[in-house]
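Could you build all of it, start to finish, from the sequences and the hints given here?
According to my numbering, the sequence shown is numbered sequentially starting from 297.
To be clear, the hints were calculated from the coordinates, so they are not data collected in a lab. Just so you know, even glycine gets a beta-carbon here, dropped at the ideal spot from N, CA and C. Check each hint, because a few of them may be wrong.
To be verified - Pair by pair, the computed Cβ-Cβ distance ranges are: (1) Leu378 - Gly592: 40 to 50 angstroms; (2) Pro401 - Ser445: 37 to 47 angstroms; (3) His385 - Pro520: 41 to 51 angstroms.
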Amino acid sequence: MYGGTERVVSYLTEELARRGHDVTLYASGDSKTGARLVPCSPQGLRLDPSVKDPLAYHVAMMQQVAHDAFDYDLIHFHTDYLHFPLSRHYGTAHVTTLHGRLDMPELVPLYRRFRDVPLVSISHAQRRPLPWANWKATVYHGLPTDCASLQATPGDYLLFLGRLSPEKRPDRAIEIARLTGLPLKIMGKVDAADRAYYRSTIRPLLKSAEVEFVGEGGDGDKFPLLAGALALLFPIDWPEPFGLVQIEAMAVGTPVIAFPNGSVSEVIDHEITGFIVHSVEEAARVVHRAAGLDRGLIRETFEERFSVERMVDEYEDLYEALLADRRYPAFRDDAVTSRVPHTHIAQIKSLARSPGNESNTGATRVQMPRV
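Structural data, given as structure tokens:
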């Protein structure tokens, strides 16, 4: 279904495995992957009605990762800060990609306490509240280029795709559509925290004949809807760390009309892949200009800037730099003890590309000797 972070982790995992890396994925038991899967719950937690305390599964997963840590050359976390008290003691190279907002004041003392933990941001804007943190890279998200194909002819409706929450501002999208006289399709999920907002603010607006709420969808529903849209409306009112839907729209050649918050100016090229606007009225004025943008150029920009291959190239470079640094202590506040990582990932890449390492499944699994 929605799963933005989960989708990115999957794209990264599968491309690393395709390139020949020996990858282990800690995730729900119903995950589909070409990597070795360590199941940490029977199925995805958000859609399992029997799960009352999802944190319990996460804590158990952290302990499993800690138990297995010395089996790996490098561990890449996508679990926010949950693992920080454990990972700094591993002695194994590790890095954490942060996928959420960082502008909450309570995060400042936490990240100062864990100032040694290596971090990756998904946009430069995401870093702004914590510029002094241990940032190692910014890596923009990427999608497989075959996830969707170019739709060269603009459609005749506007689209809002995302959580129906106050910060995503679907109410703005409805107002923009009203001002233009164009129909609006809305696809998105309503989290438990947003149900009151949905009932009080959004549901009454859905009574308009020109607004169609199609519910929450996955890739099979999302990309056809994006392809048929004249433009995607992204009228956010919060510091969006990345906004995956922006590049999903670009993958089919659909321009994005977005408000200039968070990462928007890093993702959207104004008047090329969309328009960056400052008001509902300005958004309405540029809607018909969106039909004149070159959808083929939008797709080309996606392929150049936001492919999964580019994303994984950058992560591979980061992994090599982290392993070459060879300074991954078992952290203590009063002393530092070093432990050399098992191998250098460049050796893995070199062996994976050498003749004779092809496996029957098409993904090379390389076992390196201990050093």
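Each hint, compared with the structure:
Checked against the hint of 40 to 50 angstroms, the C-beta distance between Leu378 and Gly592 comes to roughly 43 angstroms, which is consistent with it. The hinted range of 37 to 47 angstroms is satisfied by Pro401 and Ser445, whose Cβ atoms lie roughly 44 angstroms apart. Evaluation of the 41 to 51 angstroms hint for His385 and Pro520 yields a pass: the beta carbon distance comes to about 48 angstroms.
Going through the hint list in order, the structure satisfies each hint without exception.
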